[in-house]
Amino acid sequence: TTTTTTTRTTTTTTRTTTTSTRTTTTTTRTTTTTTRTTTTTTRTTTGPTTTTIIPATADPTLVNASEVQNIPVLCYHQIDNDSYESVTLANFTWQMDQLLARGYNTIAPEDYVAWLLGNATVLPAKPVLITFDDNILSANLSTSVLQSRGLSAVMYVVTGFADSPDGWNIDWDGLDSMLDQGWYMQFHAGALGHAPMNNTACYEFYGCRLPGESAESYYTRVINDITNGMRELQDYQMLNSTGGLSPTFALPWDFWGQGTGDTVVTDWLPGYLASQFLVVFDQDFGYTDGYNRRYRFEIHADTTDSNFTSALSDWRFTHPSLMTPPTTAPLPTGPPVVMVNASDVLMIPVLCYHQIDNAASLESVTLANFTTQMDQLVTLGYTTISPADYVAWLLGNATLLPSNPILITFDDNILNAELGTPVLQARNLSAVMYVVTGFADSPDGWNIDWDGLDNMLDQNWYIQFHAGALGHAPTNMTDCFEFYGCRFPDESA
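Residue 1 is where the sequence shown starts when you use our numbering, and the numbers rise one by one after that.
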């Protein structure tokens with residue numbers, strides 16, 4: 001778990017772009033925990049003068065992560081620009097001081113995700129995630145404010161803006177420098193994903209279809225922009241601190257097609273984004289809904305002091321397990337299957353089951369849990385594939401695959417696995433049974449025989465090999481009983 005006290009080392013690397021060669025030297029960055037002192041700060045706003053006692057630097061008190069009930073997430077765009085999306089440097093400074101005065105400490109994106117998933121162990125008692133969108137140059141004005149207070153922030157990067165800087169956005173060299181100044185990088189959009197389209201009715205790149213654009217063309221356009229943008233972030237080593245991944249995503253314009261009436265977009269985009277990112281930040285959404293959406297509070301030029309301080313306790317920042325209203329909406333039938341070039345598929349999850357509804361076995365899951373898990377796969381846009389498809393993908397021989405493929409497997413042809421068949425069929429999913437031929441030869445009321453396996457072929461199952469007549473039978477040896485992995489005493493090679 002990353003806390004305020006962090007050491008980050010960037011390995012010495014020479015990276016060549018289309019325009020230049022950049023060398024990143026080995027750097028160790030240490031943020032020290034400082035004993036708090038207090039100062040009196042007076043700031044004049046549009047209203048009366050306010051005087052607040054604030055701590056000078058963050059000083060985290062770590063607690064068990066399960067004790068943290070909410071984490072505010074703040075969203076900025078610009079500083080000291082003449083724009084509705086901008087805040088003044090004075091206001092930003094005051095807001096950071098207010099966070100410290102209230103005992104908040106910043107965390108990394110992966111800390112936030114671990115907290116959501118229940119994987120975090122310790123966190124600051126009052127964590128906060130500070131984010132900026134669009135790699136706009138003026139965001140750099142915040143760096144000294146953050147550093148002097150022991151705070152960090154996340155930049156949600158539009159790769160297209162970094163590719164073609166125009167004096168308004170931060171390029172790759174600038175983003176690289178920000179990493180060394182305590183910033184984290186996450187994905188916001190690819191080459192075109194934050195550029196408005198030439199469509200007066202609906203201009204948002206991800207959330208709209210162009211006039212006459214087919215569903216398949218729309219799916220491909222969005223998938224390519226996100227896939228290529230993520231690869232570019234990885235190529236520029238912007239995601240080293242989060243293991244080369246961007247577990248969070250900020251949806252451009254908070255727009256996933258709502259209000260357009262275009263079900264091609266609204267039935268597909270939320271599920272696709274949830275399949276790619278563990279968190280999808282949305283400034284308008286009110287609660288967690290099964291699509292990994294989480295709320296951010298967006299700060300603008302007209303955000304008042306009271307707006308800011310009251311937002312820190314917004315119920316929408318609460319952990320999903322504690323939320324009211326309920327955190328899950330009815331699960332959909334799933335977004336349409338989108339076929340993509342197999343070379344664009346970077347990973348394929350493989351799940352292994354043994355039994356269903358056998359309470360006496362640790363290898364078993366309940367039918368209710370199995371059903372919930374299959375519903376989650378559908379919600380997240382996964383499509384099952386065959387063993388042959390998986391092998392072709394590994395060997396580089398596949399041409400097309402679903403954009404989110406998955407392989408579901410069962411071992412040992414145990415009879416209660418058939419309880420999963422109607423669940424799979426109702427959701428248009430398939431599974432693979434890894435067969436022990438000895439169990440099929442001599443069924444004992446526990447395993448599926450050859451006739452049963454033949455029926456499963458007609459019910460959308462695939463059959464693969466697991467063991468022969470004796471290969472899954474334990475040997476008569478106390479110290480090593482696995483048939484394939486052990487030799488009998490005095491057994492020759």
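Some hints here could point you the wrong way.
[Said to hold, decoys possible] In silico SDA-like cross-links for lysine to any residue, where the CA-CA straight-line distance does not exceed 20 Å:
1. Lys126 - Ser164
2. Lys126 - Asp180
3. Lys126 - Arg149
4. Lys126 - Tyr434
5. Lys126 - Ile223
6. Lys126 - Ala90
7. Lys126 - Thr200
8. Lys126 - Ala114
9. Lys126 - Thr88
10. Lys126 - Asp97
11. Lys126 - Tyr84
12. Lys126 - Gln147
13. Lys126 - Asp166
14. Lys126 - Phe255
15. Lys126 - Val337
16. Lys126 - Ser386
17. Lys126 - Tyr218
18. Lys126 - Glu67
19. Lys126 - Thr318
20. Lys126 - Asn140
21. Lys126 - Val113
22. Lys126 - Asp163
23. Lys126 - Glu418
24. Lys126 - Ser313
25. Lys126 - Trp253
26. Lys126 - Ser66
27. Lys126 - Phe297
28. Lys126 - Ser310
29. Lys126 - Tyr203
30. Lys126 - Cys202
31. Lys126 - Asn397
32. Lys126 - Leu89
33. Lys126 - Leu141
34. Lys126 - Ser83
35. Lys126 - Val63
36. Lys126 - Gln258
37. Lys126 - Gly244
38. Lys126 - Gln95
39. Lys126 - Leu116
Please keep in mind that the hints were generated in silico from the structure rather than gathered at the bench.
We went through each hint and held it up to the structure:
no. : hint            : in the structure
1   : Lys126 - Ser164 : 39 Å, violated
2   : Lys126 - Asp180 : 25 Å, violated
3   : Lys126 - Arg149 : 15 Å, holds
4   : Lys126 - Tyr434 : 49 Å, violated
5   : Lys126 - Ile223 : 37 Å, violated
6   : Lys126 - Ala90  : 24 Å, violated
7   : Lys126 - Thr200 : 44 Å, violated
8   : Lys126 - Ala114 : 15 Å, holds
9   : Lys126 - Thr88  : 25 Å, violated
10  : Lys126 - Asp97  : 14 Å, holds
11  : Lys126 - Tyr84  : 29 Å, violated
12  : Lys126 - Gln147 : 19 Å, holds
13  : Lys126 - Asp166 : 39 Å, violated
14  : Lys126 - Phe255 : 30 Å, violated
15  : Lys126 - Val337 : 42 Å, violated
16  : Lys126 - Ser386 : 47 Å, violated
17  : Lys126 - Tyr218 : 42 Å, violated
18  : Lys126 - Glu67  : 10 Å, holds
19  : Lys126 - Thr318 : 12 Å, holds
20  : Lys126 - Asn140 : 25 Å, violated
21  : Lys126 - Val113 : 16 Å, holds
22  : Lys126 - Asp163 : 37 Å, violated
23  : Lys126 - Glu418 : 48 Å, violated
24  : Lys126 - Ser313 : 11 Å, holds
25  : Lys126 - Trp253 : 28 Å, violated
26  : Lys126 - Ser66  : 12 Å, holds
27  : Lys126 - Phe297 : 17 Å, holds
28  : Lys126 - Ser310 : 15 Å, holds
29  : Lys126 - Tyr203 : 39 Å, violated
30  : Lys126 - Cys202 : 40 Å, violated
31  : Lys126 - Asn397 : 51 Å, violated
32  : Lys126 - Leu89  : 24 Å, violated
33  : Lys126 - Leu141 : 25 Å, violated
34  : Lys126 - Ser83  : 31 Å, violated
35  : Lys126 - Val63  : 9 Å, holds
36  : Lys126 - Gln258 : 33 Å, violated
37  : Lys126 - Gly244 : 27 Å, violated
38  : Lys126 - Gln95  : 16 Å, holds
39  : Lys126 - Leu116 : 15 Å, holds
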